[in-house]
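Chains A and B, in that order, are what the protein sequence lines are.
The first sequence begins at 0 in numbering that gives the first Met the number 0 and counts up by one.
The second sequence begins at 0 in numbering that gives the first Met the number 0 and counts up by one.
Source of the hints: derived by calculation from the structure; they are not laboratory data.
Treat the hints with care, as some may be off.
Copies of the same chain are indistinguishable here, so a pair counts whether it falls within one copy or spans any two.
Unchecked claim - Here are the simulated lysine to aspartate or glutamate pairs, EDC-like style, with alpha carbons at most 16 Å apart: (1) 364 <-> 304; (2) 24 <-> 2; (3) 3 <-> 33; (4) 94 <-> 225; (5) 274 <-> 291; (6) 97 <-> 225; (7) 32 <-> 309; (8) 104 <-> 124; (9) 316 <-> 33; (10) 32 <-> 320; (11) 32 <-> 2.
Number of protein chains: 2
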Amino acid sequence: MQDKLNLMIPGPTPVPENVLSCMSKHPIGHRSKDFQEIVQKTTEQLKWLHQTTSDVLTITGSGTAAMEAGIINTLSKGDQVICGDNGKFGERWVKVSKAYGLDVKVIKAEWGQPLDPNQFRMMLERDIEKKIKAVILTHSETSTGVINDLKAINNEVKNHGEAITIADCVTSLGACNIPMDEWGIDVIASGSQKGYMIPPGLSFVAMSKRAWEANTVSNLPKFYLDLKQYLNTVNKNSNPFTPAINLYFALEASLTMMQKEGLNNIFTRHARHQKATQEGIKSMGLNLFAKEEFGSPAITAVQPENVDAENIRQSIKNNFDILLAGGQDHLKGKIFRIGHLGFVNDRDIVSVISALESTLDKLGKLNAPIGQGIAKTISVLNNE
Amino acid sequence: MQDKLNLMIPGPTPVPENVLSCMSKHPIGHRSKDFQEIVQKTTEQLKWLHQTTSDVLTITGSGTAAMEAGIINTLSKGDQVICGDNGKFGERWVKVSKAYGLDVKVIKAEWGQPLDPNQFRMMLERDIEKKIKAVILTHSETSTGVINDLKAINNEVKNHGEAITIADCVTSLGACNIPMDEWGIDVIASGSQKGYMIPPGLSFVAMSKRAWEANTVSNLPKFYLDLKQYLNTVNKNSNPFTPAINLYFALEASLTMMQKEGLNNIFTRHARHQKATQEGIKSMGLNLFAKEEFGSPAITAVQPENVDAENIRQSIKNNFDILLAGGQDHLKGKIFRIGHLGFVNDRDIVSVISALESTLDKLGKLNAPIGQGIAKTISVLNNE
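Assemble the whole structure, with the sequences as input and the hints as a guide.
The structure is reproduced here in structure tokens:
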């Protein structure tokens, strides 16, 4: 049905109606007192979301801009860094690091597998001269639905003593617990069209004291992404450049909703939906692309057998107006991905699982009694 | 009156209601066919607006991001460039150029004065070794309401033969005639919250063939602002990174409105409003900060005598709900600026001139018979 599409992709995620309404307010002057109040309020709310007393800066740009900002504001040309790479976004941070002339050591895992914290430990332990300046990794790898063990890898970085951790938490922040200060993470990058429940266009960089110390010796060239300019202006509740004002209206509304729900409730909701999705998928005879224990709370990747994943995706879009994500690069046609991130309720979960069973049945590819998948999903939702 | 503020600042500018409505549509997937159609359509519309067959690329970011992209995608470390500097934005391009290690020669003019094309000619003529790679300048200097003679300066660059012109047309594009191909301008940067009549968050870079040739040898590091990535994806009607989807909805609507009005009508409207504003200001005994012949079609800066410009600005906001811009840096309190850029009609012009007369009268600072200013404004509007 025209104009009744439900986005169950890993971003943009569903946007609440009252957040959408804010988007259509007339912009106000970005140097006005009214706008300063919004910057002040959202900055406090962002600190709450990041569980930190550190600065959280807002950039008009995509999550990649925020992640690039974290890298180029803390490092210098020739610096040794470790990049974790087990998917499309891990690959991207390798490219960014190389574009700026960093000396990149890559720790890889197969797409669908998590990064191994032991490999980070070994590489960091061997670095007795303390030449490694940063460990750069993706927490929730959107391309594969795998969550990496950020806490364990960050602990290895802490043991190293010199390096900082720069974490892409674009699809994990607001989906699972990432206590920035408690874990001692130095840089966290995220984007608006994910757990934040607002349209794309804003991104966020949280910077610890240690990250700012690294900033004092960082010499990579930048201007629009120069975080010192954002720090200097956020302290005056402002921005260095004209920001996406309407997205700030939306941000204020969505963070207020999130505060009302509460962090623990948000995390519990995501974990419950993740489990209900995983169990439903398995019970209808489909394979999870990533093992359950490494599954992201934001997205579940499914690897169907004997049927093109794109067929399933197209059919579910045409018949049920549910948009799923396809596989990227070599996984195109091999997997599809179900987003359960942000403004997602039980109805979304039961509808996608039911629609999947129906679709497989229609394609003659359902390898389980019809109803077995949704029965399991309902059981998880009723008991978790 | 609460929520009835009219923005007459140089950006954000007034946004039409049907454009605001587009902002509150639910985002669609940025890899969907529906979104590709929007990218394809807006790209064609942008070429129309720029009067070019060259590529026009859309970045999620401010005008500064677009201008920085123009600079860092065409130049290399140590390259000699000339920066024109006669206001806050000219100053900014000097800073950007220095941040990337360019060898910057600055041609200055006093704030309120235009850049002198002869100075560019002389400096370019002296460069017999053809070391100067670019001339970087602001067309309409938002901080002072001065328009620089982009055509004449660009002609000097053409005579040089080696350098390219990188022009900040943020507050001139969509306000006056800038035929990119006819004049042979290489890079034009602009931003959404100006003549485009949409909220801030998108910016645009138009790149000529010569600019792309310069790109092949450019070695400055970049990733989010790497225009080759935008070129590769725009050819597939897509973006390299998740763009501000809702601003694209708005962009499509506003460019469609602009096409309906027609380029010449848009330029004539701006010229007429500029003249009606300038004449009204003079007739009420106020001083124009920039001489009329150098006045920007987007903004008129006013330098009142014996009264703090901020008092006038505050009073007109409190009593008439019209937001004017103040002076920046050393001009704070000395000038105020009237934006007449974008979605502006005759009502906006007569209301701001009337409100100004009323405000000066109330402050006891009106140096002409009351009504003389608006009479002149009306006369211009009726006869131009």
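* Which of the listed hints are broken here? -> The structure breaks none of the hints.
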